[in-house]
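*Asks:* Heads up: the sequence lines are chains G and Y, in that order.
Note that the first sequence covers residues 1 to 280 in this note's numbering.
Note that the second sequence covers residues 1 to 282 in this note's numbering.
Bear in mind the hints are in silico, worked out from the structure with no lab data behind them.
A few of these clues could be false.
With the C-beta cut set under 8 Å, the calculated list includes, among others, these residues of chain Y facing chain G [to be verified]: (1) 60; (2) 92; (3) 94; (4) 95; (5) 164; (6) 166; (7) 167; (8) 169; (9) 170; (10) 171; (11) 172; (12) 173; (13) 174; (14) 182; (15) 278.
A few chain G residues that face chain Y, going by a derived Cβ cut-off under 7 Å, partial list only [what the hints assert, rightly or not]: (16) 31; (17) 110; (18) 124.
Counterexamples of contact, computed for chain Y against chain G with all Cβ distances above 10 Å [to be verified]: (19) 20; (20) 25; (21) 118; (22) 163; (23) 177.
All residues carry an ideal CB built from backbone N, CA and C; glycine is no exception.
Read off the chains here:
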Amino acid sequence: MSLTSPSTFSASAEVLPAHDQVVQSRAPVVSIDQVSVFYGDQCAIQRASLTVQPGQLMALVGPSGCGKTSLLHSINRLTDSVAGCRVTGETRVGELAVNAPATSLRELRTRIGMVFQQPNPFPLSVADNIRFPLKEHGLRNKQALNQRVEQNLRAVGLWDEVKDRLQQSALSLSGGQQQRLCLARALAMEPEVLLLDEPCSALDPVATETIEQLIRSLKGHYTVLMVTHNLAQARRIADAVTVCWVDEGCGCVVETGSREAIFVNSSNPVTRAYCSGEKG
Amino acid sequence: MNLTQRDWLFTVTGGLLVCLVLLPLVAMLFDLLRLGLPVLGWEFLLTAPSNAGRSGGIAPLLISTGWILLVCLSVAVPVGLGCAVFLNEWLLPESRLSRGIGLSLDVLSGVPSIIFGLFGYQVFAITLGLGFSILSGGLALACMVLPFIVRTSQQSLAAVPAGYRQAAQALSLSQTGMLWRVVLPTASPGIAAGVVLATGRALGETAVLIFTAGYVLRQPDSVLDSGRALAVHIYDLATNVTGGTSHGAATALVLLALILIATTSVRSGAGLWSRYMLEEKR
Ligand SMILES: Nc1ncnc2c1ncn2[C@@H]1O[C@H](COP(=O)(O)OP(=O)(O)OP(=O)(O)O)[C@@H](O)[C@H]1O
Ligand SMILES: [Mg+2]
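Taking the hints into account, I'd like the entire structure generated from these sequences.
*Replies:* Here it is in structure tokens:
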């Protein structure tokens, strides 16, 4: 019988630390070593290795279907709940070994915030989108909750736009506003690492610009791994870049390094072709 | 034939087909009204039947029907919903156990109702010693509509956007919290639609009830007493009682009205609950 263990979801009364404790030193290093993700027999990405330094922003680029989302989902183990999905290799978030049997999913996921390719706010009010997860994690004080709502909506530049409609459904917001709300929801949990899966893919250029500014402001406070199809964006905001590719029906990492190493000094033919727009 | 002509042809054909579907419904309703309307009135609703139903009203039958439905739904809805939640939220969707249970539910929902009648008689009336009673009838009916409620609830749960669940997992939310606050309220209109269909089937069922709840005409004292449901009454008047046609038609009209009331109240109840759960919590 294959049951997803309910015990890993059980609520505890831990109270999250205050926001001002998020300083550069909390951001851990994220290292991925020889990680492969398989769906049944099909492999999505094979032997991927990369390291994101504390507080840095790593852009993950590559053609569609090369396993970027799969790799990202293996970091906070969302792959656990996909039937038939298998992950091998070693991933570390700070001192935490992600795939070790003793690792608590709850601890892992409270340390990692995630924003998905499609905006996915809960069908609750704008304020409840932030309050509901905090309440689930044991924060009960109304004043503290409301303070967190304001603080995180301000952090994503949404406060002035929605402060008069906090009680309205989050589904009534525009796509860009929804995506920023999702980021605010993730930030409210006070993570150390952020995984952003093409956060701008569903957005127009103006909203993209807003989110890009926002992500830039997160650097230093969080270790960020961001998937993007937009090379110009990667060039503008990334500290480091990883190029993925599809090789014999399976994704792989071609090259990983600092922004200059990839965009300017790369000698790898695939990287050069991809970054100059000839391939991919 | 150009495009507008084709569109026009489509519209006309479609309209005719709709009329064809509505025709038997309208004809039936017309017939029932013609036969039953002269009998219908407050007195019909508030008095007991006499002369095997040829005269008098249906008051005790309304009470029996209400009790049977109450027993049926208060067992079938929580059990069915719980089963659907377990299948959909706790079992991996493609696992062998989940598929096996799904298959048996499909087979079960295709079983003729008379089988549920005989089963209910054997298990509830005889083995559990409940006899011919409202309780036996309601429980047997619950068995009949259960697969139905599980399947429709399961479909509505599966239709809840996957993004909500992914977000919840990434935020490490408890599965029960997510279920109450987001998943059930989002799925409740679909679940309500399933409950509505089940209610209709339960109210219209005769074969199951004849063997379990019985068909005495008097008002039941308790759920352990025997009682006749409206559908059984219609069946009896149509087959065993000569001269019972107009009272049968009037009973059918009441039954239709009852189904309509039950349908709208279940739907709007689910809508209200969903809105209450999703709206701002202070
Ligand atoms: N749940 C799944 N079950 C089976 N195969 C999957 C699943 N998710 C992804 N795959 C397969 O894994 C491969 C990589 O998919 P993935 O979504 O990781 O790519 P991606 O790089 O994120 O693509 P995109 O840029 O289009 O988002 C694809 O071939 C896809 O078909
Ligand atoms: Mg992707």
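*Asks:* Now tell me if each hint is right for this structure.
*Replies:* Right, here's what the structure says about each hint:
1. A least Cβ separation of about 46 Å between residue 60 of chain Y and chain G goes past the 8 Å threshold, and the interface hint is therefore violated.
2. At its closest, the beta carbon of residue 92 of chain Y sits 5 Å from a beta carbon of chain G; the interface hint therefore holds under the 8 Å criterion.
3. With a least beta-carbon distance of about 5 Å to chain G, the hint placing residue 94 of chain Y at the interface is held under the 8 Å criterion.
4. Interface hint status for residue 95 of chain Y: upheld, as the beta-carbon distance to the closest one in chain G is roughly 5 Å, under 8 Å.
5. At about 6 Å, the closest approach between the beta carbon of residue 164 of chain Y and any beta carbon in chain G falls short of 8 Å, and the interface hint on this residue holds.
6. For residue 166 of chain Y, the interface hint holds, since its Cβ comes within 8 Å of a Cβ in chain G; the closest pair sits about 6 Å apart.
7. About 5 Å separates the beta-carbon of residue 167 of chain Y from the nearest beta-carbon of chain G, less than 8 Å, and the hint is met.
8. Here the hint on residue 169 of chain Y is kept, as its CB sits about 6 Å from the closest CB of chain G, short of 8 Å.
9. A distance limit of 8 Å between C-beta atoms decides the matter here; for residue 170 of chain Y the minimum to chain G is near 4 Å, and the interface restraint holds.
10. With 8 Å as the threshold, the beta carbon of residue 171 of chain Y comes within range of chain G, its nearest partner Cβ sitting at about 5 Å, so the hint holds.
11. Proximity of residue 172 of chain Y to chain G holds as hinted, the smallest CB-CB distance being about 4 Å (cut-off 8 Å).
12. Taken as an interface hint, residue 173 of chain Y checks out: its beta carbon lies about 5 Å from the nearest beta carbon of chain G, inside 8 Å.
13. With its C-beta approaching chain G no nearer than about 5 Å, residue 174 of chain Y sits inside the 8 Å limit, and its interface hint holds.
14. Look at residue 182 of chain Y: its Cβ gets to within about 5 Å of chain G, closer than 8 Å, so that hint holds up.
15. Because the smallest distance between the Cβ of residue 278 of chain Y and any Cβ of chain G comes to about 6 Å, under 8 Å, the interface hint for this residue holds.
16. Interface hint status for residue 31 of chain G: violated, as the beta-carbon distance to the closest one in chain Y is roughly 20 Å, over 7 Å.
17. With a least beta-carbon distance of about 6 Å to chain Y, the hint placing residue 110 of chain G at the interface is held under the 7 Å criterion.
18. Against a cut-off of 7 Å between C-beta atoms, the interface hint on residue 124 of chain G holds, since the closest Cβ of chain Y lies about 6 Å away.
19. Every CB of chain G is more than 10 Å from the CB of residue 20 of chain Y (nearest about 40 Å), matching its label as outside the interface.
20. Every beta carbon of chain G lies more than 10 Å from that of residue 25 of chain Y, the smallest distance being close to 36 Å; the non-interface claim holds.
21. The beta carbon of residue 118 of chain Y sits about 33 Å from the closest Cβ of chain G, which is more than 10 Å, so the claim that it is off the interface holds.
22. The claim that residue 163 of chain Y is not at the interface with chain G is violated, since a C-beta of that chain comes within 10 Å of its own (minimum 3 Å).
23. Non-interface call for residue 177 of chain Y relative to chain G: violated, since the shortest CB-CB distance, roughly 5 Å, does not exceed 10 Å.
Violated hints for the displayed structure, listed by number in ascending order: 1, 16, 22, 23.
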